[in-house]
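**Student:** As you go down the protein sequences, you meet chains A and B in turn. This note's numbering puts the first residue of the first sequence at 1, with every later residue one more than the last. This note's numbering puts the first residue of the second sequence at 1, with every later residue one more than the last.
What the hints contain is simulated information worked out from the structure, not anything from laboratory work. Please read all numbers here as calculations on a predicted model, not as lab measurements. Ideal Cβ placement from N, Cα and C applies to all residues, glycine included. Please note that the accuracy of each hint is not assured.
Some chain A residues near chain B, calculated using beta-carbon distances under 8 Å [stated by the list, open to error]:
no., residue
1, Pro14
2, Ile149
3, Met151
4, Gln259
5, Ile270
Some residues of chain A that are not near chain B, with every Cβ distance over 10 Å (derived) [stated by the list, open to error]:
no., residue
6, Ile81
7, Val122
8, Gly166
9, Lys219
10, Pro238
11, Thr249
12, Val274
13, Val306
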Amino acid sequence: MFDYLAKRLATIVPTLIFVSMLIFGLQQLLPGDPAHVLAGEEQDPTVIAYLRTKLHLDEPLPVRYGYWVGGVLKGDLGESIRSQQPVLALVEEKLPVTLELAVMAMIIALVIGIPAGVVSSVGRGRWWDYAANGFALWGLSTPNFWLGILMILLFSVELGWLPASGYVSPFEDLRANLAAMIMPAFVLGNAIAAVLMRHTRSAMLQVLSADYVRTARAKGLSVPVVVIKHALRNALTPIITLGALEFGTLLSGAVLTEQVFTIPGFGKLIVDSVFNRDYSVVQGVVLVTATTYILLNLFADLASFVVNPRLRK
Amino acid sequence: MAAVLEAVPPKAPLQAGPWRRAGRRLKRRRGAIAGLVVVLLFIAIAVFAPWLAPYDPIETSWSAIRKAPDAAHWFGTDDIGRDVLSRVLWGTRASLLAGVVSVSISLLLGIPIGLAAGFLGGFVDGLISRIVDAFLACPFLILAIALAAFLGPSLTNAMIAIGVSATPIFVRLTRAQVIDIKVEDYIEAARAVGNSPWRVAFRHVLPNIAAPLIVQSTLAIAAAVIAEASLSFLGLGQQPPSPSWGSMLNTAKDFIDSAPWMAIWPGLSIFLLVLSFNLLGDGLRDALDPRQR
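Model the full structure from these sequences, guided by the hints.
**Tutor:** Given below as structure tokens:
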């Protein structure tokens with residue numbers, strides 16, 4: 001157990017180092033002198049000089065990387081050029097909003113995706129298998145920002161049931177919060193549901209042909225008991241691991257969904273900073289995302305390690 | 001001796017090759033064929049857009065602002081009086097181009113790197129694998145947005161950003177395939193007769209790992225089309241006034257209550273094109289790689 005843990009942790013360190021290099025390297029893509037680009041349209045010489053010293057632009061690249069990583073390790077992700085706020089504070093402010101959206105989307109995806117996958121694997125070749133597969137293809141092929149626009153058209157413009165935009169904090173008014181979040185969460189969850197359905201279906205198909213499932217059936221257990229207690233339980237391990245990988249899709253999707261529904265979250269932060277040329281915010285957001293993703297995968301691996309005794313040998 | 005030679009039966013009928021068999025399997029899959037037909041249709045639209053489009057896609061008309069679909073403008077007009085049908089037809093070019101060019105970038109970068117990692121193993125493999133892990137840790141679209149942001153917004157930069165962001169998948173796939181087959185006898189034999197490592201890699205390994213790469217490329221084109229539309233929707237792809245489906249949807253969202261037709265057609269086009277590539281990719285996977293079914 002500890003061997004595995006140590007080995008798994010050892011692979012994370014170099015990955016994190018390369019992630020930091022990659023994100024730091026983004027700055028090198030800026031055309032021309034970063035100080036001039038960052039100084040905006042005014043090109044104030046004092047601002048440019050200030051940026052030069054602040055970003056250590058006169059130092060060689062590896063030294064600058066050292067300064068940057070040193071700051072990151074101390075929790076200093078830089079400062080927003082626009083609002084003068086620390087990037088970490090901005091991230092902390094916006095993250096809960098996106099987290100709520102992501103959790104709601106994941107719940108919707110699980111509620112749709114796993115039953116759809118189970119039903120389609122049990123009825124392989126029947127019409128509901130085709131229907132579930134059709135749903136998965138639809139989910140994978142629909143751009144979520146388009147689905148968002150269509151839902152606004154139907155539920156806000158035509159029917160007037162839900163607000164088209166406007167975020168309310170759940171601590172202020174939970175009802176208004178849920179009304180504003182349900183459409184974006186569905187839009188975001190839809191694509192993940194499709195992926196989960198496919199994973200569940202193939203994991204279930206593998207498990208359903210296993211000997212112990214046949215034994216359980218032969219013993220006279222009913223189909224639902226066998227499917228849920230024996231098959232699904234064993235198929236869940238790969239579904240958990242693959243589900244954790246969907247976190248990236250969730251965040252990528254959140255960028256677009258937040259843009260469509262004007263939700264002031266993480267995704268909106270990155271897009272706004274791109275247009276404000278607030279590059280340190282962009283770097284900070286990507287860094288936080290990547291680190292979260294790496295840690296989440298670690299937890300998923302550990303979870304499947306704990307759940308599955310065969311891996312522990 | 002002569003008698004023995006004569007005894008050899010006339011050339012046995014050649015067994016159909018693996019590609020031909022795959023082709024036959026593909027033909028039996030109606031979904032894949034439908035996907036292929038629609039993809040070809042979109043290619044034709046992209047090529048013949050100048051002749052098919054009834055109007056100039058960037059010509060504005062102040063007398064035809066947000067006109068609902070009618071006989072003169074089948075898909076209606078947009079907020080500055082441009083013909084939506086013409087813009088959708090021309091927009092096919094940006095989407096298809098982005099899909100094909102970005103995946104080509106991924107292949108050109110990913111295959112050699114993957115071959116190197118799988119073949120050389122050891123330190124090189126470890127280094128490449130960690131770098132790939134780092135890239136994969138950044139969500140695809142967020143990395144593409146960051147790259148496009150630093151490179152500057154344009155269709156070309158969007159294609160580079162998408163291509164680079166999708167490269168790690170191809171590195172990983174190529175590497176895994178190479179490791180799988182490099183122990184096969186025919187590869188050993190090719191090495192034993194003195195072929196250089198690169199010749200073995202490109203002449204003997206690559207053709208034998210082509211099938212999963214083709215499948216992945218087709219599915220990656222679908223993802224790249226959505227990614228280009230997403231970047232253009234955010235304003236980081238094709239710049240106005242040039243038509244692209246993503247940027248049309250970006251404008252359309254502000255007029256959703258007064259001109260819903262502006263949002264329907266570009267979105268439907270993205271959906272159809274992506275769906276077709278997905279159907280084709282799924283069909284190719286079943287036809288080329290029966291093990292993965």
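**Student:** Next step is simple, just say for each hint if it's right about the structure.
**Tutor:** Hint check:
no., hint, verdict
1, Pro14, "4 Å, holds"
2, Ile149, "5 Å, holds"
3, Met151, "10 Å, violated"
4, Gln259, "6 Å, holds"
5, Ile270, "6 Å, holds"
6, Ile81, "14 Å, holds"
7, Val122, "18 Å, holds"
8, Gly166, "15 Å, holds"
9, Lys219, "30 Å, holds"
10, Pro238, "15 Å, holds"
11, Thr249, "7 Å, violated"
12, Val274, "4 Å, violated"
13, Val306, "23 Å, holds"
Comparing the model with each earlier hint shows violations of hints 3, 11 and 12; every other hint is respected.
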